[in-house]
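Those sequence lines, one after another, are chains A and B. Quick note: the first sequence uses our numbering, first residue 1, plus one each step. Quick note: the second sequence uses our numbering, first residue 1, plus one each step.
In case anyone wonders, no lab produced these hints; they're calculated from the structure. Certain hints may be false.
[Said to hold, decoys possible] The calculated lysine-lysine pairs, modelled on BS3-like cross-linking and capped at a C-alpha distance of 25 Å, are:
1) Lys-154(A) / Lys-150(B)
2) Lys-179(A) / Lys-288(B)
3) Lys-249(B) / Lys-179(A)
4) Lys-150(B) / Lys-146(A)
5) Lys-190(A) / Lys-220(B)
6) Lys-158(B) / Lys-220(B)
7) Lys-149(B) / Lys-141(A)
8) Lys-249(B) / Lys-274(B)
9) Lys-158(B) / Lys-179(A)
10) Lys-163(A) / Lys-179(A)
11) Lys-274(B) / Lys-288(B)
12) Lys-202(A) / Lys-154(A)
13) Lys-179(A) / Lys-274(B)
14) Lys-146(A) / Lys-149(B)
15) Lys-141(A) / Lys-150(B)
16) Lys-79(B) / Lys-179(A)
[Said to hold, decoys possible] Computed Cβ-Cβ distance ranges for the label pairs, DEER-style:
17) Met-103(A) / Lys-288(B): 41 to 49 Å
18) Arg-119(A) / Asp-103(B): 41 to 49 Å
19) Ile-76(B) / Gly-164(A): 28 to 36 Å
A quick note: this is a predicted structure, and the numbers were derived from the prediction, not measured. Cβ coordinates follow ideal geometry from the N, Cα and C atoms, glycine included.
The chain contents come next:
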Amino acid sequence: MNHLFTKLLISFSQQTCRKGFLFGAVVSKQHPLLGSLLPSDGREYKSMPTHGIGRYSHLIPRNTFTPWKVKKRRRKSLKMKPIDEGTETEYGLLNLTISGYDMNLISRYAQYAHHLCNRLRVHVCRSYALPTKTTEILVTKDHSTKMVVDAVLKTHFRVIQIKGLSATICPVFFEVLLKNQPEGVDLLVKEHTEADFRARFKSRPEMEELLAKLNG
Amino acid sequence: MAALSGVPWIRPLRRLLSHLNGSGRQAGGCRRVSVNIPSCGAQQLRKLSGGPGGEAGVASPWRLFGALCLQRLPVIAQKPSAIEEQFAQLTRQMDLENSLFSDHELRLQEEAERMRRKKDDYDSDEEDSAGQDIITAEDLEDSWEQRFKKVQPSLVFKETSELNLGSADRCLADSLLLLARQRVVDQDLWLLPQMQWQAGETLRHTAERALASLPGSGFKATFLGNVPCGVYKYKFPENVRTESCVGAKVFFFKALLSTHSDSPPQDSLMWLRKDELQSYLRPAYLEKVNRFVLNF
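Produce the complete structure using the sequences and hints provided.
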């Protein structure tokens, strides 16, 4: 009997939800008696207090045994895609490297460049950051031979990889980028090479040792 | 100083000696620009430009010219407008009011407290050497002040007056365009430097020749590509027109100034902003030029 009652109430509330806008009345999706046991009609927005209430897969630790299959993140392939050479009217793969000391400025300019590419329909393959390079400045103190750390400068890098830049849009594109370049930001445009691709990976010393043992 | 360099530079974790009393270097009023993008399409353009006059028997009635749109990029950032200034001040104040004290500031406050307590209660020996440092935070600040006064900026920009139209150092916050006074048929006109195209060369090569022929040495420019950015077509007046030459087509190529010219400003060259162009260029020509000269 209770089950029947619940079913009737569910159907009633769903109907009122659909017709709510017609009558101009605000009909809440949650029935006051049944509360959150009702299945919602549509997706709830993020600001709704009960958003994501049924989520639990983030609470399960990853390495516990489960008899069913767990989605494992695939290791990204280390093989490099063949580099596009470019035709007579288009450039191949170009790397725009934006570097400088001020991280905020660098990331904002990289964002600007990316949006400019989107706007001019230039295809952006990848947009990544290279690790920060730290430079220590040491000063010799007066009347002594000891060197003291004076300052630490960090250079940040952002790379935007562009594919198939048409020769007609190329002067306009670079002119806009250069005219809006802020002070303290360097822009470097180069073709993409395998060395650039390999430079992003960490070196694996054990692997190299084993390879050397195998070969030697 | 923003620069577009052709060689990738790497800064490893290495030791540098910095000289605080460095002498101020006077920099030329333009950015170092060198673009290392590969020149592609040069062969294609050759075919295109060689077409009109190259094929046997079919000659185009149009004379071809290659012109140079040489620009000097802005050297320093523009001054913010009144609203931008106000907003910046407001956000700075809000950040300041919402922020917490840093370690250094806390230390300053502690030491000020300690000094005050010592003054009031001279005989107390409680906190004699509990946490006291020999060098107080105020001493550190003083030494920093002294070092700051010794620092001289290594890049000094000298801006010439706005009225000196021949100098490339005017209006450092805007981008300037080069105009040359050239003789076209029978009159002297102010226009973008141009050269007639000769058979067997690309139009970009023509523009490079136009650059080299400018009076005053030392204009080094980087071309932004092999593709023209604009075209201007005009017909000769009736009395000059013949069967074989009806008029002329001028193709414009964009280039950016990379090094400064050391020679004194010439009479026949002018560096103008986009809004000043209209007092020197003919209307029909100006309309075409305005389409490719970007102003932001």
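Structure-based check of each hint:
For the proposed pair Lys-154(A) and Lys-150(B), the alpha carbon gap of about 24 Å is at most 25 Å, so the pair holds. Proximity of Lys-179(A) to Lys-288(B) is assessed by CA-CA distance (about 21 Å); at most 25 Å being required, the pair is judged to hold. Pair hint Lys-249(B) plus Lys-179(A) does not hold up; C-alpha atoms about 29 Å apart against a cutoff of 25 Å. Restraint check for Lys-150(B) and Lys-146(A): satisfied, since their Cα atoms lie roughly 21 Å apart, inside the 25 Å limit.
Proximity of Lys-190(A) to Lys-220(B) is assessed by CA-CA distance (about 21 Å); at most 25 Å being required, the pair is judged to hold. The hinted pair formed by Lys-158(B) and Lys-220(B) meets the criterion: a straight-line CA distance of about 20 Å does not exceed 25 Å. Distance restraint check for Lys-149(B) and Lys-141(A): the Cα-Cα separation of roughly 17 Å lies within the 25 Å cut-off, and the hinted pair is therefore satisfied. Only pairs whose Cα atoms come within 25 Å are accepted, and Lys-249(B) paired with Lys-274(B) is accepted, the gap being roughly 23 Å.
Of the pairs offered as hints, the one joining Lys-158(B) and Lys-179(A) holds, with about 20 Å between alpha carbons and a cut-off of 25 Å not exceeded. A C-alpha spacing of about 22 Å is found between Lys-163(A) and Lys-179(A), which places the hinted pair at or below 25 Å, so the restraint holds. The hinted pair formed by Lys-274(B) and Lys-288(B) meets the criterion: a straight-line CA distance of about 13 Å does not exceed 25 Å. Only pairs whose Cα atoms come within 25 Å are accepted, and Lys-202(A) paired with Lys-154(A) is accepted, the gap being roughly 20 Å.
Distance restraint check for Lys-179(A) and Lys-274(B): the Cα-Cα separation of roughly 14 Å lies within the 25 Å cut-off, and the hinted pair is therefore satisfied. At roughly 23 Å between alpha-carbon atoms, Lys-146(A) and Lys-149(B) fall within 25 Å of each other, so this suggested pair holds. For a cut-off of 25 Å, the pair hint linking Lys-141(A) to Lys-150(B) stands: about 15 Å separates their Cα positions. Taking the CA atoms of Lys-79(B) and Lys-179(A), the gap is about 15 Å. The hint holds against a cut of 25 Å.
At roughly 43 Å, the beta-carbon separation of Met-103(A) and Lys-288(B) lies within the given 41 to 49 Å, and the hint holds. Look at Arg-119(A) against Asp-103(B): about 44 Å separates their beta carbons, and that is inside 41 to 49 Å. Between Ile-76(B) and Gly-164(A) the C-beta distance comes to about 35 Å, which sits within the given range of 28 to 36 Å.
In terms of the numbered hints stated before, the structure departs from hint 3 and from no other.
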